[in-house]
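Here's the letter readout for the chains.
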Amino acid sequence: MAGNRMLTLVRLFALQSLALGALALTVALVTGSAHIYAVAILTVVIKGMIIPWMLLYVMRQIKVDREVEPVVSIPMSLLLCGGLTVVAFYLTQPIIFVGGAIDTITKNCLAISLAVVFIGFFTMISRKKAITQIMGLLTMENGLFLAAISVTYGMPLIVELGIFFDILVAVLIMGLFAFRINKTFASVDTTILRRLRD
Amino acid sequence: MIEYLLLVPLIAAALCYPLRSRRLIEAAGVAGSAATLAVASLLSYRVFTSGTMDEGLLYMDAFSAYILMLVSLVGLMAVIYSIPYIGRENREGVITDIKLRNYYLFFQLFVFTMLLVCVSNNLGVMWIAIEGTTLASAYLVGLYDRETSVEAAWKYLVICSVGITLALLGIIIVYASSIQVLGESSSALDWSTLMATAGSLDPTLLKIAFIFVLIGYGTKVGLAPMHTWLPDAHSQAPTPVSALLSGVLLNCAMYGILRFHMIVSGSSLGPGFSGGLLLLFGIISLGIAAAYIVMSKDYKRMLAYSSIEHMGIIAIGFGFGGYWGVFGALFHMLNHALTKTLMFFGAGNILHRLGTKDIGEVRGVLKVLPATGILFLGGALAITGCPPFSLFLSEFMVVVGGISSGDVLGVTLYLLLLAIVFAAFLYHAGRMVFGEPAGTAGGEGERSRVDIVLMSALLISILALGLYLPAFLNDVLQQIVRLFLGGSA
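Residue numbers (the working numbering), protein chains in the order written: chain A, 84 to 281; chain B, 1445 to 1933.
Treat the hints with care, since some could be wrong.
Unchecked claim - Here are some chain B residues pointing at chain A (derived, C-beta under 10 angstroms):
hint: 1; residue: Gly1495
hint: 2; residue: Met1497
hint: 3; residue: Leu1501
hint: 4; residue: Glu1575
hint: 5; residue: Thr1578
hint: 6; residue: Gly1586
hint: 7; residue: Val1606
hint: 8; residue: Leu1612
hint: 9; residue: Leu1613
hint: 10; residue: Ile1623
hint: 11; residue: Ser1679
What the hints assert, rightly or not - Here are the simulated BS3-like cross-link-like pairs (lysine-lysine), alpha carbons at most 25 angstroms apart as the crow flies:
hint: 12; chain 1: B; residue 1: Lys1599; chain 2: A; residue 2: Lys211
hint: 13; chain 1: A; residue 1: Lys266; chain 2: A; residue 2: Lys211
hint: 14; chain 1: A; residue 1: Lys146; chain 2: B; residue 2: Lys1599
hint: 15; chain 1: B; residue 1: Lys1801; chain 2: B; residue 2: Lys1741
hint: 16; chain 1: A; residue 1: Lys266; chain 2: B; residue 2: Lys1811
hint: 17; chain 1: B; residue 1: Lys1741; chain 2: A; residue 2: Lys266
hint: 18; chain 1: B; residue 1: Lys1811; chain 2: B; residue 2: Lys1801
hint: 19; chain 1: B; residue 1: Lys1811; chain 2: B; residue 2: Lys1543
hint: 20; chain 1: B; residue 1: Lys1801; chain 2: B; residue 2: Lys1599
hint: 21; chain 1: B; residue 1: Lys1543; chain 2: B; residue 2: Lys1599
hint: 22; chain 1: A; residue 1: Lys266; chain 2: A; residue 2: Lys146
Since the hints were made in silico from the structure, they are not lab data.
As the structure is a computational prediction, the values presented were derived from the model and not from experiment.
Even glycine gets a Cβ: it sits at the ideal position worked out from N, Cα and C.
Work out the full structure, taking the sequences as your base and the hints as a guide.
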C-alpha cells in the first residue's frame, strides 16, 4: 500500500505469493496431505512467477509511468489499512474463539486473510491505473487463498486447480484489456472511463 | 452422459477456429447450438421423466434441467439472429473477419460455461464456471472498438470479478462448516451432499456464507445496488449477446444463489433468513430499476434496467416462498428469458435501421419497420405484465405467494413499483413505435426475414403460455417447487 512505484507493487505481490506458498507447504508438512503439496507448488509457480512476469510484460509494453497515482494519499491509505486490519480482527473474533465451529491449527490466520481481502478491495478503489486494479484483485484473491488454507486446509484439488486456471485467464484478459484501454484512450488511467452513465 | 452436452459447444468452438469463410463459421455456430439444444432436450427429458442423474462431479435434477433448456434455447435463437446481424456489420466494415470468427468462437465458449454452471454438482466447480462466464463474455461485450465498449467491458470484468471473489469467500466458509460434519473429502462441497446434511451444518457460519454468496453472485445477477455494470454491458454488447446476457446469464447466476438458498433453507435456520434477504434485495432492485426506467434516454439501457427489474421480481418470488411464490418465480424465469430475447432482437433491428440508441430520436418505428414495430410493441406490453401474456400470470402468482406469506408491506411495494414500471416503459415504447418517422436515412422496410420469424415465434409462445399452461411444463415446475419446499418442509 505504501509503495509508490508499480514495480515495487508487483514484486511485493510476488513476495506475498511466495510466502503463501511457504505457508501452504508448512500446512502440508504438518497434515501430510498430498494435495496441499500440489497447491503449494502451484502457488509458487503461478502466483509467484508467471503472473508477476505477465504483469511486468504488460507494463513494459504499454510503457506505463512508474508512479502509482493514488486517489487517497499514501499516509492516509496506510492509516486506513491499519484500521481495516483492526476491523478484520474484530469481525473474526467470534468465529475464531467462540465454539468449535472451525478447528484447524491455522485458524488465527482467518483474521489476517480477511484483512488482506479488505486491503485488496481498498487498493482497487483508491488507485487509478488499470494495472493497480488488477493488483488489487490479485491481492483479494491471495487473501481468500489464505482463508481457504487456514480454515479448511485447502479446498478439494479440482476446485483449487480451477481457481488457479480462472485467475491466470483473468489476468491474461485484463492485461489484454489494459492494452486496449491504452490504445483507445492513450492512457491506462481508469478515471477517464466515465462516459457511460445515466 | 452429461459430459457429452458439455463437449458439444467446445467442439463447435474448436471448429470455428480454423475456418475462414463467413458462411462456414456461421454454419458451425448454428450447428453447434442446435446440437446443444438437441442433447440438452434429450437429457432434460430423461431427468423430467425418470428423476435426477448423479455422475459425481456432474449432476442434474429438474431445476438444472430447466435452466439448461433456457440456456440452450436462447443460445440457439441468439446465434440464428447473429447471422443477419453480425453479417451486416461485417459487410459494412464495422467488424473484421477475424472478429467475426472470434465472435462465434467466444459465443460457444460462453454457452459452454453457462451449461457448466447448470450441471456442476460441486459448489467450487460452479464458482469456477460462473467466473468463466465473465471471462468468456468479456470479449463479446467489448467486441466493437469504440471507447464506450472498452469501458463497458472493463467495468464488467472488474466489478464481476470482485463480486465473485466475495462469493468464493462464502463458499470457503460453507466448506469449513461442512468438513466438520462430513470430513475432508471432495464431496463435502457437493451441493447434493450438503442438501442431505444441511440440518447439521453450523448455522452461524451458514449465515455469514449466504451473505457473501448473495452479494457475490448478486453482482452477477444484477441485484441493486451491485448492478452498475449491467446497463453498460447490455447497451454496449452486440444485440444477440445482450439477449444472451439478459435472458439467461442472469438466470444462471440466480441459479447459483438459489442452490445456496436451498441449503440454508434446509438447515436449522429455515427459509426465513435467506428468503428475507432475497426479498430485501429484490425490492431494492425493483425500486432502482423503476427509477431509471422512468428517466431512461437510451432504449438498450432501458431494456437492461428492465432486466434488473425482472431479476428483482424473481428474487421477490423466491423470497416470499411458499408454493405460489416459488412456482411464479420459476415460471417468470422462462417468461422473462423469452420476452427479453424478443425485445433485444427488436431493439437490434431498430438500431440497425435508424442508427441511434436515443429514445428521443426514434419515432414511427411502425412506419419504418412495420413488422418489428408490431412485435416490439407486443413485447413491450408483455414485459410490463399486461394480460393475456404469460408474464402477467407469473407476476400474479408472485403476488399470491406474497399474500399467502402474509407480507403486506412487501406486496404493496411490489405492486406499486410494478405500476410505475408499467407506465414508464409503455410511455417510452409508445413514443418510439408511434408517430411520424423523424427521417428515413436508411430507407424503409425490414432487412431480414429470419429475425421476424424468430420474434413472431417468441411472441406467439409467450401469448400461448399466458392462455394455457401445458401439462408437461406444469409438471416440470411442480417437480422443481417440490425440490425447494422439500428442504424446508
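- Within a Cα-Cα threshold of 25 angstroms, do B/Lys1599 and A/Lys211 meet the stated pairing? holds (13 angstroms)
- Item | Restraint check for B/Lys1741 with A/Lys266, where alpha carbons must lie at most 25 angstroms apart | violated (29 angstroms)
- Message: Check the hint pairing B/Lys1543 with B/Lys1599 against an upper bound of 25 angstroms on the C-alpha distance.
- Response: Answer holds: B/Lys1543 to B/Lys1599 is near 21 angstroms, not above 25 angstroms.
- Under the criterion of a CB-CB separation shorter than 10 angstroms, is B/Gly1495 in contact with chain A as hinted? violated (26 angstroms)
- Item | Hint validity - B/Leu1613 Cβ closer than 10 angstroms to any chain A Cβ | Holds, because the Cβ-Cβ distance from B/Leu1613 to chain A comes to roughly 6 angstroms (cut-off 10 angstroms).
- Message: Using the nearest Cβ pair, does B/Gly1586 come within less than 10 angstroms of chain A?
- Response: This interface hint holds because 7 angstroms falls under the 10 angstroms limit.
- Query: Hey, does the B/Leu1501 contact hint survive, CB to chain A under 10 angstroms?
  - Reply: holds (7 angstroms)
- Message: Just to be careful, I want the Cα atoms of A/Lys146 and B/Lys1599 compared with a cutoff of 25 angstroms; is the pair within it?
- Response: holds (22 angstroms)
- Query: Is it true that the CA of B/Lys1811 sits at most 25 angstroms from the CA of B/Lys1801?
  - Reply: Answer holds: B/Lys1811 to B/Lys1801 is near 18 angstroms, not above 25 angstroms.
- Item | A/Lys266 paired with A/Lys146 [C-alpha distance capped at 25 angstroms] | Distance ~12 angstroms between A/Lys266 and A/Lys146 Cα, so the pair holds.
- Query: Does A/Lys266 pair with A/Lys211 here, judged by a C-alpha cut-off of 25 angstroms?
  - Reply: holds (17 angstroms)
- Message: Does B/Ile1623 hold up as a contact with chain A if the rule is Cβ-Cβ below 10 angstroms?
- Response: Interface hint status for B/Ile1623: holds (6 angstroms vs cutoff 10 angstroms).
The structure does not agree with the numbered hints 1, 2, 16, 17, 19 stated previously, though it agrees with the rest.
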